[in-house]
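S.K.: If you're matching them up, the sequences are chains S and Z in order.
All residue numbers for the first sequence refer to my numbering, where the first residue is 34 and numbers rise by one.
All residue numbers for the second sequence refer to my numbering, where the first residue is 165 and numbers rise by one.
Nothing false has been slipped in among the hints.
Here are the simulated PhoX-like pairs of lysine-lysine, each with C-alpha atoms no more than 25 Å apart in a straight line:
hint : chain 1 : residue 1 : chain 2 : residue 2
1    : Z       : LYS413    : S       : LYS514
2    : S       : LYS225    : S       : LYS35
3    : Z       : LYS397    : S       : LYS514
4    : S       : LYS118    : S       : LYS88
No lab work stands behind these hints, which were simulated from the structure alone.
No experiment lies behind these values; they were computed from the predicted model shown.
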Amino acid sequence: MKILHSWLNEFADFGSDVEAIAARITELGLAVESVDRVGDPVAGVVTAKVLRLEKHPDAAKVTRVYVDAGDGVERHVWCGATNMKAGDIVPLATLGTNMPDGRVITQRGILGIDSEGMLCSGTEIGLSQDGSGLLILPQGTALGIDVYKALGVDADVVFDLDVTRNRPDCTGYLGVARDLAAGMGKQLNLPKVDLSADGKAISVPVSITAPDRCSRFTVRVMSGITVTQSPDWIARRLARAGMRSINNVVDVSNLVNLELNQPNHAYDFNSVQDGFIVRLASDGEQFTTLDSVERTLQSNDLVICNAQNDIVGIAGIMGGLHSEVTDSTTSIAVEIAYFEPDAVRATSTRHALRTEASLRFERGVDPYGADFAVARFAELLRITCPDLVVHAGATDERTSSLPNEMKTTQVRLRTIERVLGISMTIETLGSMLAPLGFTVSRGSADGVADVGIPSWRNDCSIEIDIVEEVARHYGYDNLGKIVPTSPVHGRLSDVQRRRRLLRELVVSLGASEAMPNPFLAPGDLEKAGLSEGNALRLANPLVAEESVLRTSLVPGMLKAIAYNQSHRIREISLFEIGHVYPQGVEILPDEYESLCIMVAGADASVAMDLWSQVSLGLGVGAQLSQDQPPAGYHATRSAQLKRGKVVLGSVGEIDPTVLANAGITGRVACLEVNLSIVLAEVPKPANAQVVSKYPSSDFDLAFVVPNTVSAANLVKALRQAAGNLLVDISLFDIYRGKGVSDDARSLAYRLRLQAPDRTLTDVEVSDVRAKCLTAAEKLGAALRG
Amino acid sequence: MSPSDSLSHEISQAQSAAISAIAASPDVAALRVVQADLAGKKSALSILRAQLGKIQDIEERKSAGQAINACAVEIESAIEQRMAKLQAEERAQQVAAEAMDLSEFVTAKRRGSTHIVTQATQRLEDVFIGLGFQVAEGPEVETDFYNFEALNMPKTHPARSEFDTMFIEPARADQEPNSVLLRTHTSPVQIRVMQSWKPPIYAVMPGRVFRRDTPDATHMPVFHQIEGIVVDKGITFAHLAGIIEAFTKAFFGNEFTSRLRPSFFPFTEPSAEFDIRRANGAWIELGGCGMMHPNVLRAGGIDPDEFTGFAFGFGIDRMAKERHNVEDIREMYTNDLRFLRQFS
Numbered sequence: 034m035k036i037l038h039s040w041l042n043e044f045a046d047f048g049s050d051v052e053a054i055a056a057r058i059t060e061l062g063l064a065v066e067s068v069d070r071v072g073d074p075v076a077g078v079v080t081a082k083v084l085r086l087e088k089h090p091d092a093a094k095v096t097r098v099y100v101d102a103g104d105g106v107e108r109h110v111w112c113g114a115t116n117m118k119a120g121d122i123v124p125l126a127t128l129g130t131n132m133p134d135g136r137v138i139t140q141r142g143i144l145g146i147d148s149e150g151m152l153c154s155g156t157e158i159g160l161s162q163d164g165s166g167l168l169i170l171p172q173g174t175a176l177g178i179d180v181y182k183a184l185g186v187d188a189d190v191v192f193d194l195d196v197t198r199n200r201p202d203c204t205g206y207l208g209v210a211r212d213l214a215a216g217m218g219k220q221l222n223l224p225k226v227d228l229s230a231d232g233k234a235i236s237v238p239v240s241i242t243a244p245d246r247c248s249r250f251t252v253r254v255m256s257g258i259t260v261t262q263s264p265d266w267i268a269r270r271l272a273r274a275g276m277r278s279i280n281n282v283v284d285v286s287n288l289v290n291l292e293l294n295q296p297n298h299a300y301d302f303n304s305v306q307d308g309f310i311v312r313l314a315s316d317g318e319q320f321t322t323l324d325s326v327e328r329t330l331q332s333n334d335l336v337i338c339n340a341q342n343d344i345v346g347i348a349g350i351m352g353g354l355h356s357e358v359t360d361s362t363t364s365i366a367v368e369i370a371y372f373e374p375d376a377v378r379a380t381s382t383r384h385a386l387r388t389e390a391s392l393r394f395e396r397g398v399d400p401y402g403a404d405f406a407v408a409r410f411a412e413l414l415r416i417t418c419p420d421l422v423v424h425a426g427a428t429d430e431r432t433s434s435l436p437n438e439m440k441t442t443q444v445r446l447r448t449i450e451r452v453l454g455i456s457m458t459i460e461t462l463g464s465m466l467a468p469l470g471f472t473v474s475r476g477s478a479d480g481v482a483d484v485g486i487p488s489w490r491n492d493c494s495i496e497i498d499i500v501e502e503v504a505r506h507y508g509y510d511n512l513g514k515i516v517p518t519s520p521v522h523g524r525l526s527d528v529q530r531r532r533r534l535l536r537e538l539v540v541s542l543g544a545s546e547a548m549p550n551p552f553l554a555p556g557d558l559e560k561a562g563l564s565e566g567n568a569l570r571l572a573n574p575l576v577a578e579e580s581v582l583r584t585s586l587v588p589g590m591l592k593a594i595a596y597n598q599s600h601r602i603r604e605i606s607l608f609e610i611g612h613v614y615p616q617g618v619e620i621l622p623d624e625y626e627s628l629c630i631m632v633a634g635a636d637a638s639v640a641m642d643l644w645s646q647v648s649l650g651l652g653v654g655a656q657l658s659q660d661q662p663p664a665g666y667h668a669t670r671s672a673q674l675k676r677g678k679v680v681l682g683s684v685g686e687i688d689p690t691v692l693a694n695a696g697i698t699g700r701v702a703c704l705e706v707n708l709s710i711v712l713a714e715v716p717k718p719a720n721a722q723v724v725s726k727y728p729s730s731d732f733d734l735a736f737v738v739p740n741t742v743s744a745a746n747l748v749k750a751l752r753q754a755a756g757n758l759l760v761d762i763s764l765f766d767i768y769r770g771k772g773v774s775d776d777a778r779s780l781a782y783r784l785r786l787q788a789p790d791r792t793l794t795d796v797e798v799s800d801v802r803a804k805c806l807t808a809a810e811k812l813g814a815a816l817r818g
Numbered sequence: 165m166s167p168s169d170s171l172s173h174e175i176s177q178a179q180s181a182a183i184s185a186i187a188a189s190p191d192v193a194a195l196r197v198v199q200a201d202l203a204g205k206k207s208a209l210s211i212l213r214a215q216l217g218k219i220q221d222i223e224e225r226k227s228a229g230q231a232i233n234a235c236a237v238e239i240e241s242a243i244e245q246r247m248a249k250l251q252a253e254e255r256a257q258q259v260a261a262e263a264m265d266l267s268e269f270v271t272a273k274r275r276g277s278t279h280i281v282t283q284a285t286q287r288l289e290d291v292f293i294g295l296g297f298q299v300a301e302g303p304e305v306e307t308d309f310y311n312f313e314a315l316n317m318p319k320t321h322p323a324r325s326e327f328d329t330m331f332i333e334p335a336r337a338d339q340e341p342n343s344v345l346l347r348t349h350t351s352p353v354q355i356r357v358m359q360s361w362k363p364p365i366y367a368v369m370p371g372r373v374f375r376r377d378t379p380d381a382t383h384m385p386v387f388h389q390i391e392g393i394v395v396d397k398g399i400t401f402a403h404l405a406g407i408i409e410a411f412t413k414a415f416f417g418n419e420f421t422s423r424l425r426p427s428f429f430p431f432t433e434p435s436a437e438f439d440i441r442r443a444n445g446a447w448i449e450l451g452g453c454g455m456m457h458p459n460v461l462r463a464g465g466i467d468p469d470e471f472t473g474f475a476f477g478f479g480i481d482r483m484a485k486e487r488h489n490v491e492d493i494r495e496m497y498t499n500d501l502r503f504l505r506q507f508s
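Next comes chain Z alone, as it looks inside the complex (with noise of 0.2 Å):
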């Protein structure tokens, strides 16, 4: 028996009791034990290897050290297979030990809701927006002149009358009275958009308005109304007919069609109101409108000579209420969270 063929017996039985250590390696953990083992220098083949020298054919040392190699080789890629297969085992364990049922956690901190007056109040500005309009805003107490006077309704005015305006107690003795008040709709904002900016003026003005009006299931007293107005040359009354229906089918759906009829309000001549409905549904009032008069564009420091203007309005509550189906629009300003936490 010549030392090579001992040799490669001694290869051969390291090797088979390598793979046989691997294959009983229960565990990642045992495996690991093993495989430092057998990378040790006390291991079978380091021993081996370390024989190496003592062969003087050089051709024999050659294919001994190219045996040991492919030892070794044969060892780790069983080696990388257990370890493969004992990983992939012990997660399965894990991932089964670990189950978990979602449904059992604990609410983190609920999410609130806006109000669906604000809902309405975005999703039309949003629209209005989409058609080239800016946003406007001014304030809720406001003097005679802004609501009344400059919308061409002068102190005696009969259609004051109908506005049931909530006036402020003077403050000053120099203050007459009725003089302050609460603005009874958002026009007040158009005049001062007019003074304030310059045509062409596409804004509207959104905000919350007040009447003396004794609470019922429709009305309240303090409410919402959004307004709009174009002020341009050329504007004419078909412009505000076409603003009117790319509104209605923007906001309420294509299916959806507007008309205008006439009737009266001081701010505008011709004046109408806008209803609007589905192809063959009845018609639902929704607001007024109208050409602005020439007398609220001299209000605003707008010369009617040389530029038009239309406006429109309608009330907020309205469109948040029965978009809903809330029954009584008191309901809505009761600010009882079981009622405000259905809409976030």
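Chain S on its own, in the form it takes in the complex (with noise of 0.2 Å):
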């Protein structure tokens, strides 16, 4: 919304100090993004007769333009534009002026002659729109004073208010002003109006059809009417609060709008004078809106008609061309009503029609505003139409759906201490709130005041709400601050504080953490071999490639190594943590949390020692299980993590046809962790068990074990057949190649031995290697000789 500051004083007298104008009003909850001058004159242009005009042989597209700027002597001016004459009146830069541009004029010319000024287009001095050539001033202009005192344009401020939704007031000078004169403590003018209406009696009927979209419909007819051009002023003013002139009548409907926040719409009287009806339009119904454009209604768009049931408007968004004000028109019939906002905000979101009167209208606009407003277009129409005749008997239909007048809420001046930390007495509530046009008086009981709450303000209702106006009046800076002492106990969660070891973890395991897209395109979970059967979808994507919500983190994750990969970028290892939102069986998905660690160029034992650190960091385990690859992963260099029937994770390499879908090289050493699971699982603090004082013994075996045996079950069986006396087992070896035959791998183990109470003998650790060597062969491993 932008304010005028020599409009926006007509209301109150705020002065002059525009930057305190401008904190005042942001104090109060309208913030001002921007402060512009406007009209400020262009310091050194001044007016100046043309004298006469030469051409020069050498210079075909310039004019040598002689000018007389008051002082009598002859300037000399070089000038490109063509629409100049003799005894022409035109603006002059004199040498020196620094132009709004940033250029400063100097005597430079061309061909050698200098050029003593310039001479300037309204656009360059900021004067108007029209740069096609010299601005051309009235006849009878005094010569060498400013233009813009030639032209009678004063200087002013435009304040652009960043008016928030609750405050439906504020879209008007009246509101913005009342609020502010309220703030500033001074007295609120409003504008000059007569309320009477001299006219014979002229009642044009309104039938309302949907009683509940249309709750008043006013309509009063004016006669003695000429549309012509609106003064300057009024134009001007219009076009710095951004609004192009029409005509007088128009132009005063816009005023009106602006200044009291109540869209109005003039109808030629002769279109309209057999009256209105409001009514629901008909599905497909067609209707040529203003702007030219023909649109199909729908049943719950609220149409006014004529008469003869043929539309003339969009109810509180935009009329129609057939009923509009002509230059021909001399009498007038003009509309002020109230629809339901709801009703508005749908029709015109509908048809992607916004107005200035359907901006207000769905915010809410005074449903008893209509007689002053009209009063007050009468008063502007007046200033062009002397002869104006306001006709009595105007038309105000009213349904049983119109708000109440003034609406009441009791309000508890404890309620005020308790949110806003003030004490208030009844009489100073309402002297804070009077000025806004609240009702202030006792309730019925000790410390609660019933508080009448003005018919433009329908953001108020309840209690919380009147509280809010007493802090904005009062002022936040004014209500303090107390840093509060938290009685709780500030920490992370554990699994919060889990999460942060891990991720540690994981970048010290080389990983960098990635933030892939959630949303993936059809078909890229296939692609990555997982099924898409349970992945939700958007309902409204911002494009088709983003529609379908992840059910693991790895399709985004394969397109991250694939972007690496193509900008030729080495030893890349990246790692996720985020959501994965599954369709359960609820309405919300069975979204879970997963960490995905992914390494470019590395098998499956990468993938294995990183689980093995995660394991370790987190205190977790799980068993691993390679009778069932995970889906997406290599048949056989993958494992699934389990423990018992529950998944926690996978782990191995991803499968080399999903590694083509995405356009990767190499192998992709992969990790999965289910978080939401092993998070949550704080582990027990471990006890602490003694270091036995007495020497340990070791010992290497090497065995030759078929491909078929897994190194997990043979340290399991070595685990056991070694007993209480093993300490620690490694593999520290393996071998593949020339003396092990080519379905069998050389696993090499070390074993320390150690007891708690006494240093062991050669005997027992012989004992326990000749039953390790017994467990192993029984598995089909031999010891390597």
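From these two lone chains plus the hints, build me the complex, please.
M.R.: Written out as structure tokens, the structure reads:
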């Protein structure tokens, strides 16, 4: 909402300190987004008379113009424009003038002939949008004076307000001025109006067939009108508010809308004199709005029709072409109505048609502002139509859905104290709210006020709304700042603490955190070897390629790997911790948090190493199950991480087909872990074991193990065989190749034995070693010779 | 010449022979051989010692013995000194020979990095933890109730249209259209926290949120917010302003200050925007806040006549973007390792 300083000052004496006014408006909750000066004269640009024109043989495109700037001295100026003739009065930017576009006018001419200034177009000096030629001023304009002054253009300031949805009254000057006057302790001056109507009674019948959609419809007839141009000051006022001047009647309609926040419509009286019908449109009904667009209406669009039931306007949004005021109009019917806000918004949204009227109706205008507004309309129209006759007999059709003129609510002083921390009497509450149009009286109980809410404040209905008014006018800054002492122990939960630990761990393992888009294209999951059957879809995606909600982090991570590979980045190791959203049986999906680490150019053993680190770091274990490869993984180089039937994650290499689909070369090691499960498992503190003081004995065993026997099984067997004396076993060498048959590999283990209470004898050690060999042989593993 | 004279002559000869052998040892190994020889049975001193028994005179024998011992001590001390000198020389040679250029090493596995949005989130969490807040989380796919209805935005509420909501296609026949959605703010977690915790509540809720916004240099359809609530008896607007001020100083620095100015949100009343600035600097708009609307407290199962509360929230991505001077927010989501590795 653009508010002109000069216009605002008509409502109260706010003074000339525009920065202070802007600050106060902001403090009251109407954010001032910008404060712009307009109409500042360009110093050095003066009126000058064209004395004669000359062409130069070597300069076809420019003219030599000789001007008199009022001092009787003939000055020579080069000029590229062609619209001037001797005797015209034009703007002359004299030497040294700083032009608004940053240029400085100097003597520098062409062909060695100096120019003693520059003649200007309206655009160049910010006076009009017309840059096609020089600005020609009216004959008789004094010479050598400031051009702005010559044209009567005053400087002004435009405040651009960001009016929030809860202040329907502040899309008009009156509302802003009322708040500001209260905020600055100024007397609010309402515009002068004459509420009487002297002309003979002319009533236009109104029939409302959708009473819940239109609860008030008033029509006032005026005659004695000459349609003409508005005076310059009105045109300029509208221009500075962002509107175009059309003619005196339309301009007045717009002024009333801006000033009083009261949309209104002036019809040519002849086209509507038999009456109005306010009804719902029928489905498919056609109507051409004022912007020449033919619109197809629906049965929930409210329309205004003439007595012949022909549509003359979409209620609260825009009129039609055929009932508008024309140059030959001499009588008008002024409609001011109240339409149900939500429905106006729905129709406006449906037709993508937002107008100055719909903007106001959808927030809710004052249902009781019509009489004052129509009187103001007449007052402003009388400026150009001195013979204006305002006819008695105005129609005022109301329905039962019209809101009450003044709603009331009870306000407990204690609530003000509880919410704002300030105590207040009913009297101070009253004097604070009265300038805003609220009434305050003693309520039924002690410390309770009955507050009457003015009809233009539909944002207020309950106690807390009044508390907010108090806060705004008391001043947020005056409510103080107190840091509360939290009685709660501030900390991360166990899950959050463990998530941070995990992130640190994964980063220390070399991976960088990616944040891929959680939206996938249709087919992305299938390309990753996963089912799309349990994926949710967006009803209104931005683009089709982002319409499927991920059920796995893998597709997004594959895209990230492929992206980095295509940019020739080495050592690609990425991870993500994020939510996935597989569909479940409830309304909401089975959303859970997942970890995915991917390393390009690495095989399954790297993935296993990652898992062993994560497993150690988080203190959670799982069984490795290679029986059923996880979907999307390499069939023979992957495993599920399970605990009983619960799958905690997957580990291994990504399926080569999936990699090919993603355009990835080389192997990709991948670890996925369901964090919703494992982060929630907080391990119990470990019990300290006494470290044995006795020496330990080490021995190595290298076996040739058939590929069908897993290393995990062999270790399990060795552990069992070695019994309590075994304190450590680790795989230190894997060998395939010469000396070992193709369907087997050599696995070498180092075992350490130790007893808590004695030094082991050689016999004990060789006994354990023998048992280990027997156990390994049972699995088909032979001691490597 | 008495036997003792000849003995003492022999002792002194043995000693000088030993001392020159020690001095002539070129390195530790040679010295150890000399040392072993001197201590051996065939060494001059051992032989002399063996001859002691032949001396009849006790006094004489005693004095000869003492002379031999004294000589042994001399020799030992000479060995020790020579040994120390040779060892020091050898170490010095070793150190000189082992010279290493420390800039000449093969990089071990590179440390990765956390995402700058994660870093910003953790920094914010830590500041609020210091102010006595706990951290709460909630689902990203939400119901209409938690995202709108419970936040004082019933079905027809005009403010809903400002949220550019992304809806989930109904997965079941009995599901209302638009009843499940991607949360447009972290505020649903407010309601979930109030429903499951009991006052006093001091909680912040960071998380991922979604709006149907076309990506540009400052907007992403998927982004991150942090929101905080305090619900307790006796909480007023001044406490809201106090927490905002305390946060501003703790997070941005002591030279910063904050202000609240009236605004509008459906879920708070009175509502405010909060701005921050350096002393005498320009105000920078940071986020929204306000006293929790009684309807929101009720939706969380809290009696607004007994408890009051406030809420505040702002974007996290912008914090990360501005901290690291990222020009275009979309860069933060390309997952380009050349970008990510800058912030480890």
